[in-house]
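Spelled out, the chains give:
Protein chains: 2
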Amino acid sequence: MQPWTDPGPASARWAPSTPLSEVPAACQEVLQAYLEQCREEFGGIDPLLETTLDALADFILGGGKRVRPTLAWAGVRAAWEGGGGHPHDGDNEGGVPPQAYLAAVSSLELIQACALIHDDIIDASDLRRGRPTVHRVFEKQHRDHSWHGSPEHYGISQALLAGDLVFAWADDMLTDSGVPTRHQVRARPAWRAMRTEVIVGQQLDIAVEARGSEDVADSLKVVKYKTASYTATRPLHLGASLGGADERTVDLLCQVGQQIGTAFQLRDDQLGVFGDPAVTGKPSGDDLRTGKRTALINSALARGTAAQRTELHEALGSISSDADVERMRKVIIATGAQDHIEDTIHGLTDSANTALHNSWLHSSIIDELVGFASRLTNRRF
Amino acid sequence: MQPWTDPGPASARWAPSTPLSEVPAACQEVLQAYLEQCREEFGGIDPLLETTLDALADFILGGGKRVRPTLAWAGVRAAWEGGGGHPHDGDNEGGVPPQAYLAAVSSLELIQACALIHDDIIDASDLRRGRPTVHRVFEKQHRDHSWHGSPEHYGISQALLAGDLVFAWADDMLTDSGVPTRHQVRARPAWRAMRTEVIVGQQLDIAVEARGSEDVADSLKVVKYKTASYTATRPLHLGASLGGADERTVDLLCQVGQQIGTAFQLRDDQLGVFGDPAVTGKPSGDDLRTGKRTALINSALARGTAAQRTELHEALGSISSDADVERMRKVIIATGAQDHIEDTIHGLTDSANTALHNSWLHSSIIDELVGFASRLTNRRF
Numbered sequence: 024m025q026p027w028t029d030p031g032p033a034s035a036r037w038a039p040s041t042p043l044s045e046v047p048a049a050c051q052e053v054l055q056a057y058l059e060q061c062r063e064e065f066g067g068i069d070p071l072l073e074t075t076l077d078a079l080a081d082f083i084l085g086g087g088k089r090v091r092p093t094l095a096w097a098g099v100r101a102a103w104e105g106g107g108g109h110p111h112d113g114d115n116e117g118g119v120p121p122q123a124y125l126a127a128v129s130s131l132e133l134i135q136a137c138a139l140i141h142d143d144i145i146d147a148s149d150l151r152r153g154r155p156t157v158h159r160v161f162e163k164q165h166r167d168h169s170w171h172g173s174p175e176h177y178g179i180s181q182a183l184l185a186g187d188l189v190f191a192w193a194d195d196m197l198t199d200s201g202v203p204t205r206h207q208v209r210a211r212p213a214w215r216a217m218r219t220e221v222i223v224g225q226q227l228d229i230a231v232e233a234r235g236s237e238d239v240a241d242s243l244k245v246v247k248y249k250t251a252s253y254t255a256t257r258p259l260h261l262g263a264s265l266g267g268a269d270e271r272t273v274d275l276l277c278q279v280g281q282q283i284g285t286a287f288q289l290r291d292d293q294l295g296v297f298g299d300p301a302v303t304g305k306p307s308g309d310d311l312r313t314g315k316r317t318a319l320i321n322s323a324l325a326r327g328t329a330a331q332r333t334e335l336h337e338a339l340g341s342i343s344s345d346a347d348v349e350r351m352r353k354v355i356i357a358t359g360a361q362d363h364i365e366d367t368i369h370g371l372t373d374s375a376n377t378a379l380h381n382s383w384l385h386s387s388i389i390d391e392l393v394g395f396a397s398r399l400t401n402r403r404f
Numbered sequence: 024m025q026p027w028t029d030p031g032p033a034s035a036r037w038a039p040s041t042p043l044s045e046v047p048a049a050c051q052e053v054l055q056a057y058l059e060q061c062r063e064e065f066g067g068i069d070p071l072l073e074t075t076l077d078a079l080a081d082f083i084l085g086g087g088k089r090v091r092p093t094l095a096w097a098g099v100r101a102a103w104e105g106g107g108g109h110p111h112d113g114d115n116e117g118g119v120p121p122q123a124y125l126a127a128v129s130s131l132e133l134i135q136a137c138a139l140i141h142d143d144i145i146d147a148s149d150l151r152r153g154r155p156t157v158h159r160v161f162e163k164q165h166r167d168h169s170w171h172g173s174p175e176h177y178g179i180s181q182a183l184l185a186g187d188l189v190f191a192w193a194d195d196m197l198t199d200s201g202v203p204t205r206h207q208v209r210a211r212p213a214w215r216a217m218r219t220e221v222i223v224g225q226q227l228d229i230a231v232e233a234r235g236s237e238d239v240a241d242s243l244k245v246v247k248y249k250t251a252s253y254t255a256t257r258p259l260h261l262g263a264s265l266g267g268a269d270e271r272t273v274d275l276l277c278q279v280g281q282q283i284g285t286a287f288q289l290r291d292d293q294l295g296v297f298g299d300p301a302v303t304g305k306p307s308g309d310d311l312r313t314g315k316r317t318a319l320i321n322s323a324l325a326r327g328t329a330a331q332r333t334e335l336h337e338a339l340g341s342i343s344s345d346a347d348v349e350r351m352r353k354v355i356i357a358t359g360a361q362d363h364i365e366d367t368i369h370g371l372t373d374s375a376n377t378a379l380h381n382s383w384l385h386s387s388i389i390d391e392l393v394g395f396a397s398r399l400t401n402r403r404f
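So the protein lines, in turn, are chains F and C.
Position in the first sequence (from 1) plus 23 gives the number in our numbering.
Position in the second sequence (from 1) plus 23 gives the number in our numbering.
One chain only, chain F, in its complex shape:
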């Protein structure tokens, strides 16, 4: 059975020209069908695995903006709308259902699930999307049954393995998607680069944090690998390759993806300091409270006067009250860092838009991609 076989109405309607806005609903159906298939295939091994399968299903189907599958689908459509590919190119069996490409791009959410489950272990987070993190779910099971050993360690061990499992399933979902092998082979470099870059970016993030680096170049390098490449560049690259895009289109989308992805993370940095908790769902000035050295905060430190630097250093990570947050916001604004990051965001999105509008792609996909990128980089949550 293939992951897209009759999963639901949104994917049943799937066509080569389906708008980006329909990815999240269809992706949800396809992921649900794929996880049910895995349950049929492996659930029988032992009842103990139900916990893993339930935890993964709750986690994967419980939320997420589906940004990566949406951008990957944009890559597929770009290939088909002026990028040198065709919906039936590479198809030797007289008809590749568009659902095959939907399944292929949806597999990115399984890599994302592994990344988040492992990040939550690394950050010792209790909550994700308003629910207990996967390691806490296993920890609670251990505690509820008063099993032997440490509940905390049990939770971490099982969550680590659950992440490994879904990381392997991401590959399987792509391979079983039904996209012609010839195109899957062409898409391997993007897949290889994406997985290595996100892991290496996370390693870099932890190392830079441990060293207490305040170098803006370090924070931008983390942004590049951990977020920009993984969230935008490689998904666009992957989709374009799956769709059979020509080289110039792949190059264009990689360049544009790097700009959109960087702007996306810089917006995140702004929201981490200036975001409205009512909208972001996170505490106000979250990054100030945790003391995370983002590109925004490192530029504030770099641009500030000696007095401002001292004030920031004293406050970062030790902030508790909203009044403190307000005070630090004023300092960061005074250093000019907020404006600088805002200018950078606009500069990046402008050049991405210009590159797309001046390209050979059809206006249909250009407008949708520009619109989606603008939502990503101007979002308030």
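Among the clues, some could well be false.
Stated by the list, open to error - Label pairs and their computed distance ranges (CB to CB): (1) F:His385 x C:Ser173: 30 to 40 Å; (2) F:His385 x C:His109: 42 to 52 Å; (3) C:Ala38 x F:Gly31: 43 to 53 Å; (4) C:Pro70 x F:Ser374: 25 to 35 Å; (5) F:Asp390 x C:Lys88: 52 to 62 Å; (6) C:Pro70 x F:Gly359: 22 to 32 Å; (7) F:Ser169 x C:Ala325: 21 to 31 Å; (8) C:Glu175 x F:Arg350: 28 to 38 Å; (9) F:Asp390 x C:Arg36: 53 to 63 Å; (10) C:Pro70 x F:Gly394: 36 to 46 Å.
Because the hints were derived from the structure by calculation, they are not lab data.
Heads up, the beta-carbon is just placed ideally off N, CA and C, and yes, glycines get one too.
With the hints as your guide, set chain C onto chain F.
Below, chain C alone, put in the same frame as chain F:
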């Protein structure tokens, strides 16, 4: 560049009929070349990654019996020696170098590296193959530089990610091996099953341990998934599929692999209680000291008298002196568990040998496989 391009003398000699005994040396060369390739490709991202690349190279090239690549190569040769495949079957470019298959089977060592790195985190092990485990390497780096935060947590976080990285690279190494795509597609089910079974087997092991189960059936289920499938069944299955074996050969090798793999683990259980520390390199009665519930120990508990059970329960996990070990060995022997496990090992290997000798495969590969299996199941370390 492909992983097998000019890696060294042993792989340069590689031929369709190269004996199983030559896999470890050639595998070492191919792995070293592949890791150097990864270093060229990703090492430039940041000097901080040197630690990861060095730790992975030391770990992967520092030891290991290469059991899985050897059995996978046995599968490839079985396909070519009576199993319905041919060295140049599926080759459209006029010559697949045998090194492509060597690279494909060597990729199993990268999955093994991830499994061991993550297991060492789960078991909080300090040493592996006489060297510090990967999480301890990162922990030491953190401590040596007196970086911010907990050295222990830093070590675990970086090792977790290093394991993820090499798990992704295993896929890449298989895909880039140069084995014709048509055969790679045929090999995916074995690859998919192997990765899921080893992870799920490990989850089961931890859960069974936490529940303190003494059910022999539970320990045998862990043996089946965590060891037998992963160590023997699926490597043989993978190799046979890569070599283009027919269905009856795949079925034969899967059945034989299950028997060899189970015997392999039961031998491990025997060595864990009765092994000679001078040969095993582990403390005498290691499993008695850790209190691990192996198939051997669970059968002793199941077969023992009430008095023997009590004695075992009191001793397990709290043993310190060699005298205690000696006493418990006597108890286990008295329950008949040692003989029972020994009989099981011989029964399994005998039926595997019979199945192979009565098969349609050429005596060349049958004899080598029987010989290798006998070394695995009669080993003293």
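Worksheet item: Range hint 52 to 62 Å: satisfied by the CB atoms of F:Asp390 and C:Lys88?
Response: holds, 59 Å
Worksheet entry | Beta-carbon spacing of C:Glu175 to F:Arg350 - inside the hinted bounds 28 to 38 Å or not | The hint (28 to 38 Å, Cβ to Cβ) holds, given that C:Glu175 and F:Arg350 are roughly 35 Å apart.
Fill in: Range hint 43 to 53 Å (beta carbons of C:Ala38 and F:Gly31) holds or violated
For C:Ala38 and F:Gly31 the Cβ distance comes to about 52 Å; the hint holds.
Fill in: Cβ distance range 30 to 40 Å for F:His385 and C:Ser173, holds or violated
violated, 53 Å
Item to complete: Could you tell me whether the CB distance from F:Asp390 to C:Arg36 stays inside 53 to 63 Å?
Response: holds, 59 Å
Fill in: Assessment of proposed distance window 36 to 46 Å (beta carbons of C:Pro70, F:Gly394)
holds, 40 Å
Worksheet item: CB of F:His385 to CB of C:His109, is that within 42 to 52 Å?
Response: holds, 47 Å
Worksheet item: Is the distance from the Cβ of C:Pro70 to the Cβ of F:Gly359 consistent with 22 to 32 Å?
Response: holds, 31 Å
Item to complete: State, for the Cβ atoms of F:Ser169 and C:Ala325, whether the hinted interval 21 to 31 Å holds or is violated.
Response: holds, 24 Å
Worksheet item: Is it true that C:Pro70 and F:Ser374 lie within 25 to 35 Å of each other by Cβ?
Response: holds, 30 Å
Going through the hint list in order, the structure does not satisfy hint 1, though it satisfies all others.
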